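Chemist: Residue numbers (the working numbering), protein chains in the order written: chain U, 3 to 368; chain B, 3 to 368; chain P, 3 to 368.
Everything labelled a hint here was simulated from the structure, so no lab data went into it.
Please note that a few of the clues may not be correct.
For identical chains, the list gives no copy identity; a pair is met inside one copy or between any two copies.
As the list claims (entries may be wrong) - 27 Å max Cα-Cα, derived DSS-like pairs, lysine-lysine: (1) Lys201 / Lys359; (2) Lys342 / Lys358; (3) Lys59 / Lys30.
A quick note: this is a predicted structure, and the numbers were derived from the prediction, not measured.
In case you want the letters, here they are:
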Amino acid sequence: MSDQTHTLADVAAALGLEAVGDTTIQVKGVNEPALASADQLALAMKPEFAAQIPEGKARTAMLWADADWHALGLQGAILAGRPRHALSGLSAMMDPGQGYGSGIHPSAVIDPSAVLGADVSVGALAVIGPEARIGAGSVVGPQAYIGWNTVIGDGAVIHAGVRIGARVTIGARFIAQPGAAIGGDGFSYVTPEISGVEKARASLGEEGTDNAQQWARIHSLGGVTIGDDCEVGANATIDRGSVRDTRIGNGTKIDNLVMIGHNVVVGNNTLICGCCGIAGSTRIGNNVVLAGQTGVSDNIFIGDNVITGGGTTVLSNIPAGRVMLGYPAMKMESHVETYKGLRRLPRLFRDVAELKKAVSKLVGDQ
Amino acid sequence: MSDQTHTLADVAAALGLEAVGDTTIQVKGVNEPALASADQLALAMKPEFAAQIPEGKARTAMLWADADWHALGLQGAILAGRPRHALSGLSAMMDPGQGYGSGIHPSAVIDPSAVLGADVSVGALAVIGPEARIGAGSVVGPQAYIGWNTVIGDGAVIHAGVRIGARVTIGARFIAQPGAAIGGDGFSYVTPEISGVEKARASLGEEGTDNAQQWARIHSLGGVTIGDDCEVGANATIDRGSVRDTRIGNGTKIDNLVMIGHNVVVGNNTLICGCCGIAGSTRIGNNVVLAGQTGVSDNIFIGDNVITGGGTTVLSNIPAGRVMLGYPAMKMESHVETYKGLRRLPRLFRDVAELKKAVSKLVGDQ
Amino acid sequence: MSDQTHTLADVAAALGLEAVGDTTIQVKGVNEPALASADQLALAMKPEFAAQIPEGKARTAMLWADADWHALGLQGAILAGRPRHALSGLSAMMDPGQGYGSGIHPSAVIDPSAVLGADVSVGALAVIGPEARIGAGSVVGPQAYIGWNTVIGDGAVIHAGVRIGARVTIGARFIAQPGAAIGGDGFSYVTPEISGVEKARASLGEEGTDNAQQWARIHSLGGVTIGDDCEVGANATIDRGSVRDTRIGNGTKIDNLVMIGHNVVVGNNTLICGCCGIAGSTRIGNNVVLAGQTGVSDNIFIGDNVITGGGTTVLSNIPAGRVMLGYPAMKMESHVETYKGLRRLPRLFRDVAELKKAVSKLVGDQ
Numbered sequence: 003m004s005d006q007t008h009t010l011a012d013v014a015a016a017l018g019l020e021a022v023g024d025t026t027i028q029v030k031g032v033n034e035p036a037l038a039s040a041d042q043l044a045l046a047m048k049p050e051f052a053a054q055i056p057e058g059k060a061r062t063a064m065l066w067a068d069a070d071w072h073a074l075g076l077q078g079a080i081l082a083g084r085p086r087h088a089l090s091g092l093s094a095m096m097d098p099g100q101g102y103g104s105g106i107h108p109s110a111v112i113d114p115s116a117v118l119g120a121d122v123s124v125g126a127l128a129v130i131g132p133e134a135r136i137g138a139g140s141v142v143g144p145q146a147y148i149g150w151n152t153v154i155g156d157g158a159v160i161h162a163g164v165r166i167g168a169r170v171t172i173g174a175r176f177i178a179q180p181g182a183a184i185g186g187d188g189f190s191y192v193t194p195e196i197s198g199v200e201k202a203r204a205s206l207g208e209e210g211t212d213n214a215q216q217w218a219r220i221h222s223l224g225g226v227t228i229g230d231d232c233e234v235g236a237n238a239t240i241d242r243g244s245v246r247d248t249r250i251g252n253g254t255k256i257d258n259l260v261m262i263g264h265n266v267v268v269g270n271n272t273l274i275c276g277c278c279g280i281a282g283s284t285r286i287g288n289n290v291v292l293a294g295q296t297g298v299s300d301n302i303f304i305g306d307n308v309i310t311g312g313g314t315t316v317l318s319n320i321p322a323g324r325v326m327l328g329y330p331a332m333k334m335e336s337h338v339e340t341y342k343g344l345r346r347l348p349r350l351f352r353d354v355a356e357l358k359k360a361v362s363k364l365v366g367d368q
Numbered sequence: 003m004s005d006q007t008h009t010l011a012d013v014a015a016a017l018g019l020e021a022v023g024d025t026t027i028q029v030k031g032v033n034e035p036a037l038a039s040a041d042q043l044a045l046a047m048k049p050e051f052a053a054q055i056p057e058g059k060a061r062t063a064m065l066w067a068d069a070d071w072h073a074l075g076l077q078g079a080i081l082a083g084r085p086r087h088a089l090s091g092l093s094a095m096m097d098p099g100q101g102y103g104s105g106i107h108p109s110a111v112i113d114p115s116a117v118l119g120a121d122v123s124v125g126a127l128a129v130i131g132p133e134a135r136i137g138a139g140s141v142v143g144p145q146a147y148i149g150w151n152t153v154i155g156d157g158a159v160i161h162a163g164v165r166i167g168a169r170v171t172i173g174a175r176f177i178a179q180p181g182a183a184i185g186g187d188g189f190s191y192v193t194p195e196i197s198g199v200e201k202a203r204a205s206l207g208e209e210g211t212d213n214a215q216q217w218a219r220i221h222s223l224g225g226v227t228i229g230d231d232c233e234v235g236a237n238a239t240i241d242r243g244s245v246r247d248t249r250i251g252n253g254t255k256i257d258n259l260v261m262i263g264h265n266v267v268v269g270n271n272t273l274i275c276g277c278c279g280i281a282g283s284t285r286i287g288n289n290v291v292l293a294g295q296t297g298v299s300d301n302i303f304i305g306d307n308v309i310t311g312g313g314t315t316v317l318s319n320i321p322a323g324r325v326m327l328g329y330p331a332m333k334m335e336s337h338v339e340t341y342k343g344l345r346r347l348p349r350l351f352r353d354v355a356e357l358k359k360a361v362s363k364l365v366g367d368q
Numbered sequence: 003m004s005d006q007t008h009t010l011a012d013v014a015a016a017l018g019l020e021a022v023g024d025t026t027i028q029v030k031g032v033n034e035p036a037l038a039s040a041d042q043l044a045l046a047m048k049p050e051f052a053a054q055i056p057e058g059k060a061r062t063a064m065l066w067a068d069a070d071w072h073a074l075g076l077q078g079a080i081l082a083g084r085p086r087h088a089l090s091g092l093s094a095m096m097d098p099g100q101g102y103g104s105g106i107h108p109s110a111v112i113d114p115s116a117v118l119g120a121d122v123s124v125g126a127l128a129v130i131g132p133e134a135r136i137g138a139g140s141v142v143g144p145q146a147y148i149g150w151n152t153v154i155g156d157g158a159v160i161h162a163g164v165r166i167g168a169r170v171t172i173g174a175r176f177i178a179q180p181g182a183a184i185g186g187d188g189f190s191y192v193t194p195e196i197s198g199v200e201k202a203r204a205s206l207g208e209e210g211t212d213n214a215q216q217w218a219r220i221h222s223l224g225g226v227t228i229g230d231d232c233e234v235g236a237n238a239t240i241d242r243g244s245v246r247d248t249r250i251g252n253g254t255k256i257d258n259l260v261m262i263g264h265n266v267v268v269g270n271n272t273l274i275c276g277c278c279g280i281a282g283s284t285r286i287g288n289n290v291v292l293a294g295q296t297g298v299s300d301n302i303f304i305g306d307n308v309i310t311g312g313g314t315t316v317l318s319n320i321p322a323g324r325v326m327l328g329y330p331a332m333k334m335e336s337h338v339e340t341y342k343g344l345r346r347l348p349r350l351f352r353d354v355a356e357l358k359k360a361v362s363k364l365v366g367d368q
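Bound-form chain U, shown alone (with noise of 0.2 Å):
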C-alpha cells in the first residue's frame, strides 16, 4: 500500500477494526500526530498522545477503543481495543519494503543444483550455493550468501548481506536482516592436558594458572535448524552445532548482535533483544523474554516464560517463570533489595561504627 490510497472503511476492515465518523476518506501512509499530514492516517494510540493531534493535519488516527475521536477535531478514525497490536497488522499493510525487485538479477551466482520455489526473487551479487533449496515466494536481497545443501521454507526475506552457511535448515516466513550471519563455526577448543579453565571451573577459581598449552580445534559438524516465523537481527550470529544442530524454535525472534553459541536449543516465541550472548550448550525454554545485553553462560539451562532486564548476567540455571536482574542474575524483588541496601551502605557503616563506640563505652562503664 506504500503508494496506493485506501478508504478509512477499507484499512479497518483489513484490520478487523471498526471505522468511526468519515469512512470514505483516503489515507496513504501513517505519521505521529504531529507529522501527519491530511492525508495520513496520525497514530494516537494511548490518551497522552492525542494532544498532538492539533499540531498536525490530519483528518483520520488510529486511536484506543473509547477515545472521543469528535472531540479531538478528527473527520474520521479506527478505534482499536489493544492499538499496539493493530499496529501489526497496519504497519505490514503500509510498509513500503526495500525495492530489491523481482525475479532472478542476472548477476546472481546460483549454482545449477540449486533449487527455486515460484516466485523467488534474487537480489543482485547474491550467491546461491549446491543444492540449497529457497521456497516459494522468498526474497534473496543482494549480496546474501546461501551456503551449500541448504533449506528454507516459504515467504523468506534474506535482506542485503546476510550469510547462511552449509547444511542449514529454516522454516517458513524467515526474515534475516542485513549482515546476520547463520552457521559459522562453533568456539570449541580443547587442549591436550587439562587447562587453567577446566581447574577454574572446577575449584570455583583457587587454581587457574596454566602451562603454556595450544588450543586443538573441535570442528563443528552440526548444522542449524530454525522453525516457522522466525526472525534473526542485522549482524546477529547463530553458530552450527558441534554434533548435531543448534536449534532455535518457531516463531522465536532474534534481534541485532545477539550470538547464539554452538548446541544451543531455543524454545518458541521466545524474544532475544539486542546483544544479547547465548553460551554454547545452553538451552533456553518457550516465552522467554531476554532484555538487551542479557548474557548466559553455556550448558546452563532458563525455564519457560523467565523475563530478564537490561544487562542482566545468567550464570546459572533459572526455573521457569521466574523474572531476573542483575550480576549475577537474581530474582527482580531481591535485586531492587539489594540495591536499596547498597545506596544505604554508606550510612549502614557509620551506624556500625557508632555501635561499636557506644558499646565499647557500655562494656567500659561495667
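Place chains B and P on chain U using the hints.
Modeler: Just chains B and P now, kept in the frame of chain U:
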C-alpha cells in the same frame, strides 16, 4: 602524502604549528619513537615518550610545546600545544587509505535511476539501488550496498561491505566502517493479549508468567536520518524507526558493534564507544560519551554532557552533566564509595556479629 | 571423510588411539549416542552419556579410557584417555566443510597485481585488492574481501563475506568466520580543548561537563598483524592501529562479535569468547581466557594466564594468573564472598536496627 615526502617546514605549516631546527629535512610517514626510521617523524607527544627517541633512528619528532628538542638529539622538531589534536591533522596528511581505486568499477551494479555526484567512485561488486543519490566526491567501497531512495551527502567514505537500506538520509562527510548495517527493521513485536513482559514491567517483576502467545510483527515504516560529519563503526547496526526516522545528530561518532534501536534520537557531537546497545525510542543528548559496552534501556533519556564508564547499565533517565558508572548506573562518586563498601562487607558482617555477642552479654549481665 | 567410510581401525590409527572389538566395521560420520545410525560412531565420552547408546543404533562408539564397551552392547570402540582432545582430530576428519568449490570462480574480481599461492581457491564474487598476497592452499570464500597490500599465510580459510582491509598481515592456517571485519579504522577522536571525558577521568567523575566541542578524527595509519594458527569469529571486528599495528599473537582464538580496539596487543594461545570488547591500546598476555561479554578498558594490561568469568568488566590492570569475576572485576573468591554478603544485606540491616534499639535501651538504663 603516503608515498610522498614533505619538508618538516611544510608539515608544520599544514598543521598551523611551529617547526624548529633544520626544517628542510624530508619526512615520509610517522612512527613510534623507538620504531622510527631516519625519514620518519617520531611521535613523542608527552615527556614520558621522549626516552624512546634514541632507541629509534628519527632525526625529527612531533613534541609537546616546551620540549628541549636539541637535548633529545634531534635535528628538527614540530612543537604542539595540544599534540594529540595536532595528530588529527597530521594523521589525515599521512593516511595511505584503502586503495579502493577511482571511477566506477565495471562489476558494480548501479540502478539507472540512481544519481551519482561528481567524482564519486564505486568499488567492485558494489550495489546501488533505485533512486539513490550519492554526493560529490564520495567513495563507495567494494561490495557495499546502498538501498532504494537513500540519500548520502558529499565526501562520504563507505567502506567494503557496508549495508545501507532503503530510505536512509545521511549528511556530508559520512564515514562507515566495514560491515556496518544501517536501516535494518526495528525489533518490535506485540502479542494479541497483554504479555508477560508488560505485566512484569507494571509490577516490577512480581508477575511475568505468560500463557503461550505468538508475537506479531510491527513493521518499521520510518527510515534513518544521520547528520553531517558522522562515523559508524565496523559491524555496528542502526535500525529504522517505526513511524518516523531514527535520528543521529551532527558530528556524532559510533564505534564498532554498537546497536542503535528503532526510534532512538542521538544528539550532536556524541561518542558511543564499542559494543554499546541503545534500546528503542531512547533519547540521548549532545556531547554525551558512552564508554564501551554501556547499555541503555528503551524509552528513557540521557541528558547533554553525560559520561558513562565502561560497562555501565542505564535503566532510568540521567540528567544532564552526570558522570555515571555501574549496574545499574550510579553517579561515579557513589559507585566508587559503594564499591569500597562492598569490599569491606565481610568485615562489616564480622563486626556486627561481634556487636551482637557483646550486646547480648551486656543485656544478660543486667 | 564426509562422504567416505573408514574402518574403525583406520579412524583410531589416524587419531593415535586404540580400537577394540571388531575394528573392521565401517563408519561414516559421528553422532550423539541416541541419534546415531548403524554406520555412525557414537560419541559417549563420559560415563553419563553411555546410557543413551542403546537408544540409538550405533555399533561403535568413542569412549573414555577404561570403558567396558562390551557391556554397552557395542561391537567395537575407540578408547581415549582425554576423549575431548581426541574429538579434535576426529571432527577434523569428519568435517564436510562448506562446499565452496575449488579454483578461481570466474565472477571473482582479483587485481592483476595480487599474488595467489598454489592451490588457492577464490569463491564467487570475492574481491582481492592490489598487491595482496594469499598463501598456498588458502580458501577465499564467496563475497569475501581482501584489501590492498594485505598478506595472508598458507592454508587460510576465509569464509563468506569476511572483510580484511589494507595493510593487514596474517600468519599461517588462519580461519575467519563469516562477516568478520579486520582492519577498520580505530575509534580515536580529539577535541581542540581539553574535553569533558579527559576532565572526568582526571577527577574520578567529579567534573565532566563540556562546552560543546567537535571531535577531530585521528586517522589510523597502522595495520593489523595476526600470528599463526589464529581464528576470528563471525561478525567480530579488529581495528587497525593508530601508528603501529594492532597485534594478535600465535594460536589466539577470537569468538563471534568480539571487538578488538586499535593498538591492542594480545599474546599467544589466548581465548576471547563471544561479545567481548577490548578497548584501545590495552595489552593482554598469553594463555588468557576471557569469558563471554567480558569488557576491558583502554590502556591497561591483563597478565598471562588470567581467566575472567562471563560478563566481567575489567577497569584496571590484572596481574598474571588471577581468576576474576564481576563489575568491576574482583578475584573470583572475593566476588563469591561479596555476592553472598549482598544477598544477606537485608538481614544485616535488620540486625543493626535491632542492635541500635538494644544499645539505646542499655544506654537509657544506665
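Chemist: Just pull the numbers of the violated hints for me, sorted ascending.
Modeler: 1
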